[in-house]
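K.L.:
Can you make the complete structure from the sequences, with help from the hints?
Chains as they are written, first to last, in this note's numbering: chain A, 596 to 1108; chain B, 4 to 328.
Hint data in this document are derived by calculation from the structure and do not stem from the laboratory. Heads up, a few of these hints could be off.
As the list claims (entries may be wrong) - Result set (PhoX-like, lysine-lysine): computed pairs, CA atoms no more than 25 Å apart in a straight line: (1) B:K100 - B:K75; (2) A:K908 - A:K919; (3) A:K1035 - B:K119; (4) A:K907 - A:K893; (5) B:K138 - B:K240; (6) A:K1035 - A:K914; (7) A:K893 - A:K914; (8) A:K1035 - B:K190; (9) A:K1035 - B:K188.
To be verified - Okay, the calculated beta carbon distance ranges per label pair: (10) B:C19 - A:A995: 46 to 52 Å; (11) A:H719 - B:C19: 53 to 59 Å; (12) B:N148 - A:H785: 27 to 33 Å; (13) A:S664 - B:C19: 31 to 37 Å; (14) A:W985 - B:L16: 24 to 30 Å; (15) B:Q223 - A:H719: 29 to 35 Å; (16) A:S1032 - B:Q206: 24 to 30 Å; (17) A:L632 - B:F12: 28 to 34 Å; (18) B:V134 - A:L1049: 57 to 63 Å; (19) A:H785 - B:Q279: 54 to 60 Å.
Every residue, glycine too, gets a C-beta built ideally from N, C-alpha and C.
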Amino acid sequence: MPIISNAFFLFILAGLLLYYLLPRKAQMPVLLVMNLLFYLSYGVRALGFLLFSICVTYAAGKWIGKLQSGVSREDRDAAEIANRKCRRILILAMLLNFGVLGVLKYTNFVFGNLNALGLFSLPHLDFLLPLGISYYTFQSVGYLLDVYWKRIPAEESFLRLALFVSFFPYMVQGPISRYGTLAHQLYGPHDFRWNHIRYGVLRILWGLFKKMVLADWAAVYADQIFARPDQYAGIAGFGVLLYTVELYGNFSGGIDIMIGTARMFGITMDENFKRPFFSVSVTDFWRRWHITLGTWMKDYVMYPLTMSGAMKKLGKKSKKVFGKKTGRNVPIALSNLIVFFLVGVWHGPTWGNIGWGLYNGVIIAFSIFAENRYRQLKKTLHINDKSRGWHVFMVLRTFALMNLSWYFDCVDSLQTALKMIRYSVTQFDPSVFLTVSAGKQGAAYTPVALVILLTGCVCLFAVSFLQEKGVDFHRVIARQPVMIQVTVCFVLLMAALMLGPMSAGRGFIYAQF
Amino acid sequence: MRSSRRKLFSLVLALCLVLAFLILADLALYPCTFIRNDVHAVVTDRKDLVILGSSNGKMDLDPDVLLAGTGKTGHNLCVGGEYPVDAFYLTKLMLEKNPPEQILFELDPGYFMTEKEPGNNYLLFFHEFPVSLAKLRYFADTLRNCDLRSVLFPAYEYSLSYELPRIRETLRRKLSGDYSIEIFKGKVQEYHENGFIEKYPVQEEQFPAYHGFEFMVNDQVRRNTEYLEKLSGLCGKRGIDFRIAVMPVPQTALDRDPEAYGRAWSYFDDFCAAHQIRLYNFNTEYYDAFSHEAACYVDYDGHMNGESAEEFSGVFGTILREGRG
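P.N.:
Quick look at the structure:
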């Protein structure tokens, strides 16, 4: 059930009717059935993996909770034994959860690399990759760690936990939610509220516009430019900009649709984007792009890693070798590298993704070490880092750094990526654009398509800029008369329906993660 | 309570306005295709023979010539991009409205190797289906997973720059129920009222390049064969005489890919034998019945020029009548 399909919107409509028309106590069962149907629409076989994850997470969480509540704080020995047991259960449950993900997603990558070494001749295995396996695995493990760290109580009801792990709006491409913020909303009764519906509809339409107009048009051009770099050398630089528009429109558009959908059911999901292209550094970018993955990594990998005994030892040794200031940063920089290595691995089993993750990690690690020098340099050059000019420079610098990394994401070989970068710097001929076909509409339609794309990008920039300045569009629209609200919705709907490319709607890039 | 009612009223009113706009946009911007005429013809008038299939069937088979002297009526409901799934639901529609006596399915083996592209290829038929159970089932089976434009704004697959100047004519035709065929006459072909498309002759030098033919039994798209089985089963159940025909292919193409064609003919021979369907293959059993010279065709895919198509329809009609099949 693709999320911009007729079936999905009929499914949501039917679900909403049942959700609000049936007695309140039926709301949770309605959501559970919707989750089940949504997941089944992608095939029966994948359901087994989801059920396995739910069962493991439920059993482990309940067991840990029981052990933790069974001992008094005074009885230190009993608490120690219980703690050791809990850790073992946690590790086992994490191994089972990550094990399924690892086997299904990474076996062929490992086999391929072992074969490349010439030591083995392992076959390529056709594994099923269940929908949303990365998302529900991370969500389940996050829940288990929260229970283990006593941040939340273990869930007593199997069905409630099943609802949390299988909540359909995050299954396609996130956001990865936390039990502490999402669960009580899923279980609590919800009254029908107009502002939830209005917010949901507006958010969905904005998401559709970003996906069907901006991302899909950008993809038409980016695909062709990256497929034939020599032919389109004069617009290689535009190619990566278009890929940026495609990636952002596709991913954030899909997230908007899902957050809007959840809101119509009275459920507020975590935001996954916060105008990432206004970031002033790569660190800042990761606080605004795929936020829920970033915070998951920060809370469940980065902090525990930095606070671990090994890292503390490393910190002490580093202080001795490099001095207090630099040495203090070594464990933080190393943890960052590990985290971004994992982020790369999460994005897919390819060396390109791992390299991309490490590229981000290295920049952040470097900026940690260079921070003092950087500050001194600014002082020497009399740079006012509060000035608007400096801010704009920082934003553009971060944008360029992120775009540079995407050259390697768009093509299948390092050579082509380097060639594209070379063309971007040495060749510039925008007139080549007119020779690129606008998909089914042919090259003659290109000027119109580019005007649509450019106007869309200007709209997106204007909205993002105003949001960055603190304007809350939903609140502004909510204050208007109903007819104006409807007009805004109508314009967005018609734009999404009429301005996209003729070809059938493309899928979501982050859907197979 | 009053405020809530007012909001509900405003919302319903707004939804009605949006719906009205979308209907109007569809009426004005979705073009009048020849499929509109084809579907209208088989739904409003009972035909003895309906031909289903791909563009080869559309251009090679003139139902009037095929049925000459029998007093029977026929319609050619083939079109490029018509897969077995479309043929199946078109048959369901006819069964619901005006069941034919016989269905001839023109089989192009190439269609069994490719997945049907979602979007316009379904809309082409779905849009012209009158309100019916068949339309609902067709939606549930195909358009369900297409993007929401397929229902809310089906004209998205057509160029606005081409459709906007023709709005008045499109509206007039749709509102007055005008199904005249003059508008379908082009520089290279002419549409006939019985659904047959007459191609004007093309010199071999001007043929589009031959792109080759591939057929591997194991690489087939299973869904296509399943719907052909379903179509045959449906006809059998409803007492409709169902037959399959494979149009002649130019010798040049047969010589270039003899193995692939051989695999295809053998596979469909077995398929038809297993399902007890009468198969007319003009490249094997009836090879000599019609010329395979390039002069009869407009390309190497086997689309015939109008004159050859008339002649071929006559030959095929004789075979059907004489019971050689």
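K.L.:
Would the pair A:K908 and A:K919 pass a check requiring their Cα atoms to be no farther apart than 25 Å?
P.N.:
14 Å, holds
K.L.:
Just to be sure I understand the hint, the distance between the Cβ atoms of B:Q223 and A:H719 should be within 29 to 35 Å; is that true here?
P.N.:
Check failed, 22 Å falls outside 29 to 35 Å.
K.L.:
Within a Cα-Cα threshold of 25 Å, do B:K100 and B:K75 meet the stated pairing?
P.N.:
Holds. B:K100 to B:K75 sits at ~19 Å (cutoff 25 Å).
K.L.:
For A:K893 and A:K914, compute the direct alpha-carbon distance and say whether it is at most 25 Å.
P.N.:
Distance of about 24 Å is within 25 Å: holds.
K.L.:
Quick one: are A:H785 and B:Q279 within 54 to 60 Å, going by C-beta?
P.N.:
58 Å, holds
K.L.:
Cβ-Cβ distance between B:N148 and A:H785: within 27 to 33 Å?
P.N.:
29 Å, holds
K.L.:
Could you check the hint for me, namely that B:V134 and A:L1049 are 57 to 63 Å apart, CB to CB?
P.N.:
42 Å, violated
K.L.:
Does the Cβ distance between B:C19 and A:A995 fall inside 46 to 52 Å?
P.N.:
For A:A995 against B:C19, whose Cβ atoms are near 50 Å apart, the range 46 to 52 Å holds.
K.L.:
Please check whether A:S1032 and B:Q206 have a Cβ separation lying inside 24 to 30 Å.
P.N.:
With a Cβ separation near 29 Å, A:S1032 and B:Q206 satisfy 24 to 30 Å, so the hint holds.
K.L.:
Take a quick look at whether B:K138 and B:K240 sit within 25 Å of each other, Cα to Cα.
P.N.:
With a Cα-Cα distance of about 20 Å, the restraint between B:K138 and B:K240 holds, given a limit of 25 Å.
K.L.:
Are the Cα atoms of A:K907 and A:K893 separated by 25 Å or less?
P.N.:
Given that 25 Å is the threshold and the Cα spacing comes to 17 Å, the pair holds.
K.L.:
Mind checking the hinted window 24 to 30 Å against the Cβ distance between A:W985 and B:L16?
P.N.:
52 Å, violated
Violated hints, listed in ascending order, are 6, 13, 14, 15 and 18; each of the other numbered hints is respected by the structure.
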